[in-house]
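Residue numbers for the sequence shown follow the numbering used here, so the first one is 41 and each next one is one higher.
Think of the hints as simulated: they come from the structure by calculation, not from any bench. Do not rely on the hints blindly, as some may be mistaken.
[Stated by the list, open to error] Across the chosen pairs, the derived CB separations fall in these ranges:
1) A166 - D416: 40 to 50 Å
2) R132 - E274: 41 to 51 Å
3) S187 - N87: 23 to 33 Å
4) P286 - F495: 18 to 28 Å
5) K236 - N517: 57 to 67 Å
6) G129 - E274: 38 to 48 Å
[To be verified] Once the Cα atoms are required to be at most 30 Å apart in a straight line, the calculated DSSO-like pairs of lysine-lysine come out as:
7) K91 - K115
8) K252 - K271
9) K236 - K115
10) K252 - K115
11) K115 - K170
12) K516 - K439
13) K115 - K149
14) K189 - K170
15) K115 - K271
16) K236 - K252
17) K236 - K170
18) K91 - K170
19) K149 - K91
20) K439 - K486
21) K115 - K93
22) K91 - K189
23) K189 - K271
Quick reminder that beta carbons are idealized off the backbone N, C-alpha and C, glycines included.
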Amino acid sequence: MATAQSAYTILPSTTRDKGQDPYTYQPGWGNSFASEAVPGTLPVGQNSPQKVKFGLYAEQLTATAFVAPRATNQKLWLYRMRPSVAHQGFTRMQDNPDMESNFLPSNPKVHVSPTQVAWRPFALPADDAKVDFVDGLKTLAGTGEPSLKSGLAIHMYLCNTDMVHRAYINNDGDMLIVPQLGRLDIQTELGHLMVKPGEICVIQRGLRFKVKLPDGPSRGYIQEVYGAHYKLPELGPLGANGLANPRDFEHPVASFDVDQSGWEIVYKLMGTTWSCSQEHSPFDVVAWHGNYVPYKYDMFRFVNVGSISVDHIDPSIFCVLTVDSQEIGTPLADFLIFAPRWDVASHTFRPPYFHRNAASEFMGLVLGDYGGRSDDFLPGGASYECGHVPHGVDFETFKAASEIVQDGAQWISADTIAIMFESSRGFTLTDYAVTGSGTIHYHEPKMWDPLESEFIERLDEVNAHLATFGLPPIAKNNAIKGNRGLKSRFVEGGQGIQGAGDAAHSNGKH
41 MATAQSAYTI LPSTTRDKGQ DPYTYQPGWG NSFASEAVPG TLPVGQNSPQ KVKFGLYAEQ
101 LTATAFVAPR ATNQKLWLYR MRPSVAHQGF TRMQDNPDME SNFLPSNPKV HVSPTQVAWR
161 PFALPADDAK VDFVDGLKTL AGTGEPSLKS GLAIHMYLCN TDMVHRAYIN NDGDMLIVPQ
221 LGRLDIQTEL GHLMVKPGEI CVIQRGLRFK VKLPDGPSRG YIQEVYGAHY KLPELGPLGA
281 NGLANPRDFE HPVASFDVDQ SGWEIVYKLM GTTWSCSQEH SPFDVVAWHG NYVPYKYDMF
341 RFVNVGSISV DHIDPSIFCV LTVDSQEIGT PLADFLIFAP RWDVASHTFR PPYFHRNAAS
401 EFMGLVLGDY GGRSDDFLPG GASYECGHVP HGVDFETFKA ASEIVQDGAQ WISADTIAIM
461 FESSRGFTLT DYAVTGSGTI HYHEPKMWDP LESEFIERLD EVNAHLATFG LPPIAKNNAI
521 KGNRGLKSRF VEGGQGIQGA GDAAHSNGKH
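From just these sequences and the hints, can you work out the full model?
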């Protein structure tokens, strides 16, 4: 008989990630995990004994209401060298001018825009400026406001130096972090995560962490959600398997520092920034157990599904994680990825069709070259399209996809990871996004001018077809190309549109 000697863990390996990840992980999703860096530390049969082993302190962290249903109740028990309450008081810090948390349109520092907006890659800090992860946060867009526990924010991080004797705690929301350039070596109270481009991690509200940059200057995307937590989407008729499988999420194991030097803890609280100092490391947890644990996920493990006959299935099939809103059946936020996969749909326009979705769509590009965008789209950049505003591919992409011979399966998005932060809510854009980043550009409306009305050009053919049914012909009336009747005007982004006259534009009637 052979018996396992321990529970399954993911161990460091010289072959895994080419030796770039030295840490051990526990796999799973929604588990109640337990981990101890010193064997025998966790109390047995209770959470808060009169005396914890080795003189440690027991500390509970709750993430939900005490009486939340078991299926959603989240908490942690930590056994640490000194309790978190051992600090020296709070000091209000100067807020980061490039961050925003109030996205209500009444805030003069945010902007409403229906225009398709994009950003070229966001610039990294200058070599002579030392900017760590916290100081390098820049807010681009969002909805709602954290004190209402409803909404989200989208940030970039642009940094070039490690956090030293400094930790960060976000009291406003969970942070889904997507590295685009450089690995993030993240130390949390529960252990370490090494997160590389192509992976994501989630650091939940109220957990302390610090970030080191083993590859130097780093850039990436963040979605922060207020008042709710990420969960796996329901699979419905897919059954028990597919999309992001639970076993592919990786959680840290206990790890602690023996460090009694001075530390700064930076708090984000309802959009304001506070600091407290303490004479011990916040990463002194020797053992812990609970189900409120940070995690990472390799996006290349996503199990794609799609049509194997004709047409597209809605992009909800690309959802990795979702967040509930207060409206039943309508997510506050979805995190979607577009990764390498086969497209086999026959007699089908395979790129994204022209659409006006209810959702707001904010995209980033982690790796590769993502087709189907209506303007240039580069790694480290972004794009935004608000709900019910039309968008789609340019004429060249449309023409090529309409005429290509579909003689078999097509491998698409090779070596590419594109991401989407999608929401049922409308977004506002920040001052930094509109004027501060220096990388914004507005989609040129003329790029869609070649998408002319072939129907009008073929009216003689249409009328001949109608005649076979005994129907009257369609009159051409004012079916003339161009913006006839529209005045010259300027559109958002300062682009001039030349009109042809003042007469109202009319269409042929049938």
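Practice problem: State, for the Cβ atoms of K236 and N517, whether the hinted interval 57 to 67 Å holds or is violated. | Solution: Given about 60 Å between the Cβ atoms, the range holds.
Exercise. Verify the proposed pairing of K439 with K486, using a straight-line Cα cut of 30 Å.
Key: Holds, because 16 Å separates the two Cα atoms, which is no more than 30 Å.
Practice problem: For the range 40 to 50 Å, tell me whether the beta carbons of A166 and D416 fit it or not. | Solution: 25 Å, violated
Quiz prompt | Holds or violated: K91 to K189, with C-alpha atoms at most 30 Å apart | solution = 37 Å, violated
Quiz prompt | Agreement of K236 and K115 with the hint, judged by alpha carbon distance not exceeding 30 Å | solution = Status holds; Cα separation ~28 Å.
Quiz item: Taking only the CA atoms, is the gap from K516 to K439 under or equal to 30 Å?
Solution: This hinted pair holds, its Cα atoms lying about 25 Å apart.
Quiz item: Is the straight-line distance between the alpha-carbon of K115 and that of K170 30 Å or less?
Solution: 36 Å, violated
Exercise. Given the range 41 to 51 Å, decide if the beta-carbon distance of R132 to E274 lies inside it.
Key: 43 Å, holds
Quiz prompt | Holds or violated: K189 to K271, with C-alpha atoms at most 30 Å apart | solution = Roughly 17 Å between the alpha carbons, so the hint for K189 and K271 holds.
Practice problem: Sort out whether K93 lies within 30 Å of K115, counting only the CA atoms. | Solution: The hint holds at about 21 Å.
Quiz item: When you take the CB atoms of G129 and E274, is the distance between them in 38 to 48 Å?
Solution: 46 Å, holds
Exercise. Assess, step by step, whether the Cα of K91 is no farther than 30 Å from the Cα of K170, and give holds or violated.
Key: Violated. K91 to K170 sits at ~44 Å, over the 30 Å cutoff.
Hint compliance for this structure: hints 1, 4, 11, 13, 14, 18, 19 and 22 are broken, all remaining hints hold.
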